[in-house]
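J.: Chains as they are written, first to last, in the numbering used here: chain A, 1 to 229; chain B, 1 to 246; chain C, 1 to 250.
No lab work stands behind these hints: they were computed from the structure.
Hints are supplied without guarantee of correctness; some may be wrong.
Computed, partial: chain A to chain C, Cβ under 8 angstroms [to be verified]:
id	residue
1	T42
2	A162
3	R165
Label-pair ranges, simulated between beta-carbon atoms [to be verified]:
id	chain 1	residue 1	chain 2	residue 2	range
4	A	L140	B	G121	52 to 62 angstroms
5	A	G88	C	H171	19 to 29 angstroms
6	B	M34	C	G11	26 to 36 angstroms
7	C	A60	B	T122	52 to 62 angstroms
Glycine is no exception: its CB is placed at the ideal position from the N, C-alpha and C atoms.
Here is how the chains run, residue by residue.
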Amino acid sequence: MSRANGRSPFFRTVNTLVWRDLLSEYRSREILGGGIVFALLTLVVFNFAIDLRLESAEEVAPGILWIGFAFAGMLAFGRSFAAERERGTLDGLLLAPIDRGAIYLARAITNAILMCIVELVSLPVFVALYNVRAAWGELLLTTALGTIGFTSAGTLVAAIAANTRAREIMLPVLLLPLTVPVLIASVKATAVALGAQSVEPLPWLQLLLAFDVIMVATSFLVFEYILDE
Amino acid sequence: MQRLDLPPSQAHPLAGLFSERSGVSLALVAMLSMGAALYAALLYAPTERIQGDVQRIFYFHVPLAWTSYLAFFVVFVASAAYLVKRAPLMDAVARSSAEVGLLFTTMMLITGSLWARPIWGTWWSWDARLTTTLLLWFIYVGYLMLRSSVDDEEKAARYAAVIGIVGAVDIPIIHQSVVWWRSLHPESVVLASGGPAMPGSMLTALLVSLAAFTILYVVLVLMRTRLELARVDLRALRRRALERVA
Amino acid sequence: MRGELVVEVRGLSIALGDQPVLRGVDLAVERGTRLALVGPNGAGKSTLLRALAGLIRPGAGEVLVAGCTLKSDPWHVRRSIGFVGHQAMLHPDLTARENLAVFARLYGLDRFEERVEQGLRQFGLVGRADSRASTFSRGMLQRLALARALLHDPALLLLDEAETGLDLRAHEWLLAAFGERGGPRTVVLASHDLAFVREGADDVVFLRSGRVVDRVRTADLGPDALRERYADALATPPAARPGRAVGLAD
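Pulled out of the complex, with its shape left as it was, chain A reads as follows (with noise of 0.2 angstroms):
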């Protein structure tokens, strides 16, 4: 007999959904492939779409690499969701005496670090193709910032756009005007991480960080309002 009562302890159901979804995308790479790649092709196509010259690149080059980015993670998001309606795993959870909201917590963690490995891979190729000096540690930190709350709200609305009909365009359409302000801050951090402005980065982060916070709580307590029952 199981003596385990009520409900399951929070942070060690998130460490385990966290675990799963890491180890299954480590299995099978279907995410992490798709994302590096369209991310990089990202990068090169816009340099034939805009045409830069050697002194202006590094300012228009910050919001390259975040469209990219958002890209890349609206793919992510995407798929992970489909993969768990089309295989049923959330009924799976749902059973289980678990939190709802660290199912969200989980699947936002799982993004955030997915779409930082695909960043990490991007980041080097972007200085190189785009011949731009990069302040790292700034570099490092407002993408940080900058894709924790990309995730954030990205996992909350794949999680509504999984379930209705034309789920590729609702995901960018909701997903887009909420995250304005983290793109905004996000380019205007990296452009002076890139030398590209000489401007205080620090209202910026700040912004970021607010943004980080206030959609990571929002997102958290109303998740369970999409699930169904």
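Following the hints, complete the assembly by docking chains B and C onto the known chain A.
T.: The following block gives chains B and C in isolation, referenced to the frame of chain A:
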């Protein structure tokens, strides 16, 4: 709390607001107040020195902006109420406010553009308020698209409510980020820290117009909600009829 | 212990979209009973099982498992239930052992490695414990799903056509999972397979168009009688019970 023997539209304590009888009187009130606003904006208010008569768009543009954001605030409150109590009335109010809000936001953007062209020479400037409102427009569109792209009505209501809440929480942050990003909007005459810098008659005209558009918003939402509730009732009837069939 | 109700369903109605799937279902299941839900496709068997599992919210009526509803004590309800549905709910990229380990941790079980090994042994999966679930045959997946459902030793086991596609050996494993007759575990299963129902179930409930039309004990019936009763249940239109019609006019 809802009573189960009444159709959904009458089961909520606030349902009396949406009855048939009030419809005509509400429409009359709206017409009269809009008439007053037109008079105030086009005739009563003095012509502005620098911009000329074009400036009169201001008396429509600003109230439209105000009601656009008011509408989304109502979407936020109704969405939260819906998630807590699951009352069909709250969902109907949220949807109606979103539709009316989208209409007003569109008009705000158009009037903004019409105003910008003669004054600034461009159809669009990425100034803070216009840009934030443009993003609000997209959030409205996303909200309504979401509703029509989910087959199950109950799910659609829930998902839309979630987006309504997240969107509303997000808008202040969006605004702040856009403000920091760019600011060309002429210093707001009404909201400058020194108090209203406009002559009294202009302020009066603005307030009249503000009141009129708010009344219009309320009337439109009430009427749209009534329509929506009728639809909800119809669905409930259909469902009960189907239940009796073998 | 007999006489204690593990499942109580009162006036359960569920509609998917506008289409009613369950119309005012009443059901009571005593501890230790094996109950089979039988009926044509679309009768509402799966929906009823999912409602018992807590995966679907009741539109009207109540569902009580082990004396609690999902509203009053969701954690107790979830711990009391093991569910095997149409989908295996397993990760194809994880091994059998890893799949079970995940669930054992989600249920907050202590000594979970032991339980995982026990589950693997109980369903003959030790040999393939380290193979990915994507390499498993249908029968093995079902066994793994059963192992998953029983990890936390639930009082109520819910099976949705779990015996389809299983060979004879797997059948035996399935029946063994029910536990002893009259024993602590209660089973509610949905099935089209009348032979399996006769073998595994004590009581049979016939569902049609979202209503319960009959309930019999298998012990009281001869081998062909079950089939006849099934045919009867399908033929007679479900009677609307007096005083239960739901509508605005009432």
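J.: Compare the structure with each hint and give your call.
T.: Now for the hints, and whether the structure bears them out:
1. T42: Status violated, d = 27 angstroms.
2. A162: violated (16 angstroms)
3. R165: violated (14 angstroms)
4. A:L140 <-> B:G121: 52 to 62 angstroms: violated (43 angstroms)
5. A:G88 <-> C:H171: 19 to 29 angstroms: holds (23 angstroms)
6. B:M34 <-> C:G11: 26 to 36 angstroms: For C:G11 against B:M34, whose Cβ atoms are near 51 angstroms apart, the range 26 to 36 angstroms is violated.
7. C:A60 <-> B:T122: 52 to 62 angstroms: Taking Cβ atoms as reference, C:A60 and B:T122 lie about 59 angstroms apart, which means the hint holds.
Comparing the model with each numbered hint stated earlier shows that hints 1, 2, 3, 4 and 6 do not hold.
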